[in-house]
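Enquirer: Given next are the chains, with one letter for each unit.
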Amino acid sequence: MVAFILRRALLAIPTLIFISFISFVIIQLPPGDYVSAYAAELRRMGDYISPLQEAAMREQLGLNDPMLVQYWRWISAIVLRGDFGYSLDWNAPVSNLIWDRLGLTLMISSASLVITWLIAIPVGVYSATRQYSFLDYLFTVFGFLGKGVPDFLLALVLMWLSFSYLNLNVGGLFSPEFQNAPWTLAKVWDLATHLWIPLVVLATGGAAGLIRVMRANMLDELGKPYVETAYAQGLSEGKVVWGYPVRVALNPFISTVGWALPALFSGDIIVAVVLNLPTTGPLLLQALKMQDMYLAGSFILILSVFTVIGTLISDILLAWFDPRIRYA
Amino acid sequence: MPPERLLELDDVQVHFPLREGLVKAVNGVSYHVNKGEVLGIVGESGSGKSITARAIMRLLPKRAVAAGGSIRLRPRTGEEFELSALDRNSRAIRQVRGQHIGMVFQEPMTALSPVHTIGTQIMRTVQLHKGLNRADARARAIDLLAKVQMPRPSEMVDAYPHQLSGGMRQRAMIALAISCDPSLLIADEPTTALDVTTEAQILELLKQLQSEMGMAIIFITHNFGVIADIADRVSVMYLGRIVETATVDDIFYAPKHPYTKALLRSIPRLGVDQGRRLPTIPGMVPDPFSVPPGCAFNPRCTYARPGICDVTTPPAKHFGNQISRCHFAEKLAEEHAHV
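As given, the protein sequences belong to chains H and Z, one line each in that order.
For the first sequence, the numbering used here gives the first residue as 1, with consecutive numbering after it.
For the second sequence, the numbering used here gives the first residue as 329, with consecutive numbering after it.
Bound conformation, chain Z alone:
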């Protein structure tokens, strides 16, 4: 791995062998995260973005099979972990979880233990990884709550999750995730369950923490607006594959995959196309048992050409730092040159 690399995924496969057939929920995903950068992952429900994050944490559901690929992590401490080789309950992965990688979940209502105070939950983590005694761990928990701008942290440390509002719970969740200064924070739709005002505050907090602590973030969402706000680079996922990866500017101003383009067109904008129907992507996301052959997006794609797109899986095409998996990526690139 190059020296600036923190995390590298190469051809990761996660399969679910079900009675109805084999579901390739993650089908050859490769991406990387550099130290201190924010990678946004966008995709519809079921595109495999959360499962990929679970594969990094080795927290896949029991039915899932990690069918291949490699995941490597090199946190601040310099040691290198081959995460893909680690067992779900191995000592090594338990060192990584919570210590090198923190995780923030979607549902702040249910993601914290209802029968422990938020302080206890944070203290358990810092006691486990930092070897602090109770008093020091408690002091650190209060510091962390102050850091995530929890009001009255020295009182809130003894509060139970049900006594807090959704936004405060998500702050507590973030405090828990960053409690051991992780090199990487995985945020799995952390603002989806919150109202927009709270969402803006949480995003602001994450950006601030990221610059203060210099950690990298993988930010999973289905909201392009959020991505534009927080991400440095973006990967777009569709049906278990990454179709396009680029800097946030290139994704928004020079997308080189028809799916990215179509998604961006379907976002409402102020002052543009007023009074007209918002364009949508034709068709539906296919069910996971019958993923189309070739490019999975071809039945819904306006660029698709029979004989090519429904036969061969498009290779990854590089345009500088932009990667697109489309047979006609060059054509899309030219279109932008003319605009």
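Excised from the complex, chain H in its bound form:
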């Protein structure tokens, strides 16, 4: 097991190096660079810098150096000092922008992930063990509705309902009066009244799909002979179902749990924009729109790194969970 983890972790290193290089190339791809964008920005505000000054700036920022040298400067700053560069659009260090929003993003995303699983797994197991029962059909209808209704539409409907019937302040995560207030019990309560809408929206969409996956996996497993063997040992239905087929049916979930990591980081962008959530998703969208290259590039890099780490975590979890992988 230790050898397996070590091997996988070592394999991840070249992947990470390659990904960071690709990310850097991508942020260089759009026409123009930091200086031309800066000059355009100045011109828009009625100011002016000469081409000579521009050239001097390029020299000063090292933009004339070969790509590999620039890459090395960029990646070494990130690895050695955690410095992701500077955002033009926000006029602030990229790391500050991202870390500011990361806490809330992680909170909302992980809460919705946990809720999704808490709903999807028991409902999927129930639907499979009581196939074609009334509740199975009911869950199926809700599942397809949840999958079919776009998240942003559900968000809009919930916002409208809670605004016009419940008289709640909606959008964002805090009421205006708490926006910059220090943390108090009242502020936490205010957060709770805002938080339920994004959680409901994100969890319904995710759970609807996962219920179908879990149900299908379970139906496959329930028909297998080892389930009958477990019954023949005298175990009760609950112990058989949760102890044997669920264990096997969870494997596809576990092999994809790592992908939740980048998703946790980017959040659901559209829902976050509609609900005006101060998470990282809208920040990424804005950075891409404004060609804010260091911010966007850092996002791409972080997302890719999270994907690699997430896959590594999935592999390790799966090996821990399923002996057939561990010893293969």
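Just so you know, the hints here were simulated from the structure itself, not pulled from any lab data.
Since this is a predicted model, take the numbers as computed values, not measurements.
Please note: incorrect hints may appear among the correct ones.
[What the hints assert, rightly or not] List time: in silico PhoX-like cross-link candidates among lysine-lysine, alpha-carbon distance up to 25 Å:
#, chain 1, residue 1, chain 2, residue 2
1, Z, K363, Z, K475
2, Z, K352, Z, K535
3, Z, K390, H, K224
4, Z, K458, Z, K363
5, Z, K458, H, K239
6, H, K224, H, K239
7, Z, K390, H, K239
8, Z, K390, Z, K352
9, Z, K458, Z, K475
[Said to hold, decoys possible] Some chain H residues flagged as far from chain Z (calculated, every beta-carbon gap over 10 Å):
#, residue
10, P66
11, W72
12, G171
13, P176
14, L235
15, E237
16, D322
[Unchecked claim] Computed Cβ-Cβ distance ranges for the label pairs, DEER-style:
#, chain 1, residue 1, chain 2, residue 2, range
17, H, P122, Z, H490, 22 to 30 Å
18, H, P122, Z, T405, 49 to 57 Å
19, H, S164, Z, A420, 19 to 27 Å
20, Z, R416, H, P122, 42 to 50 Å
21, Z, T448, H, V79, 53 to 61 Å
22, H, A9, Z, E348, 56 to 64 Å
23, H, L168, Z, T448, 46 to 54 Å
The beta-carbon is built from N, C-alpha and C at its ideal position, and this holds for glycine as well.
Fit chain Z to the known structure of chain H by using the hints.
Expert: Chain Z alone, transformed into the frame defined by chain H:
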């Protein structure tokens, strides 16, 4: 039930109500198993032999309806269970499963949980029925693996099924089935998926365990050779009914049902009838939606007489301990007397 009885089935019916019609997969099966004896059940695929075993365990598929008959069990402990009255998930049947009746399945490749060690699977059963703690249960699991002649039992207890060969998995399966000293072991084609060498070893093991532990075995197979090797008595099934029951000698040397006779004739033998085609039973097994009226075997039977065999279901005729459900069982009995 007489004192030597362990299990008695009386007129057991299992039906499958399907869209295409009602399938009577088990249509009035009666047999019994005495303490410590091996009953072989032979029949083609779809004859209802496995479904009858599932009816004993109350592990019928969800679509199946237990439509009638009684199944009674009196294990070593002396209490009597009316299995046919028990619900699929009732506490009483869960006491019987694994504890009084062990079951060995056909596919050793898939019949063990792929994500648990064989030790864990055995330990769960002994902890459930014997109330042992983890350490004792583990020691017992190792003992059981040694008993089924698993090599290096104290290491194999931590092995996963996919690390074992087919024969070793079937040994682990048997260890699981006998883990609580059951009075009855139901072996549902336990050697069908194995090669002949392994099959011989598993049969040898089952015979040895049976004499050591004094348990009874219901051995389900479609292989007469295996039956001859292991069974004391044999029941032959055809289309949901038992057509003949007799001691293994009577089945082989004095069959009193045309189906048994025809089956035996279709077994290749060394040194006999060389160079000639092996006789086969004419026709095909009818589909389960259109079972012929009267004796179900009559369209394929060389003894069948219209007006009798295709009209009335033959009654059970007793010849000592031999029971045959054929209108002409006496005629078959005479034929043997002349041979």
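Enquirer: Evaluate each hint against the coordinates.
Expert: Against the structure, the hints come out as follows:
no., hint, in the structure
1, Z:K363 / Z:K475, "21 Å, holds"
2, Z:K352 / Z:K535, "33 Å, violated"
3, Z:K390 / H:K224, "14 Å, holds"
4, Z:K458 / Z:K363, "22 Å, holds"
5, Z:K458 / H:K239, "17 Å, holds"
6, H:K224 / H:K239, "16 Å, holds"
7, Z:K390 / H:K239, "18 Å, holds"
8, Z:K390 / Z:K352, "15 Å, holds"
9, Z:K458 / Z:K475, "18 Å, holds"
10, P66, "53 Å, holds"
11, W72, "47 Å, holds"
12, G171, "46 Å, holds"
13, P176, "53 Å, holds"
14, L235, "7 Å, violated"
15, E237, "5 Å, violated"
16, D322, "6 Å, violated"
17, H:P122 / Z:H490: 22 to 30 Å, "29 Å, holds"
18, H:P122 / Z:T405: 49 to 57 Å, "38 Å, violated"
19, H:S164 / Z:A420: 19 to 27 Å, "58 Å, violated"
20, Z:R416 / H:P122: 42 to 50 Å, "22 Å, violated"
21, Z:T448 / H:V79: 53 to 61 Å, "45 Å, violated"
22, H:A9 / Z:E348: 56 to 64 Å, "57 Å, holds"
23, H:L168 / Z:T448: 46 to 54 Å, "51 Å, holds"
When the structure is compared with the earlier hints, violations turn up for hints 2, 14, 15, 16, 18, 19, 20 and 21 and for no others.
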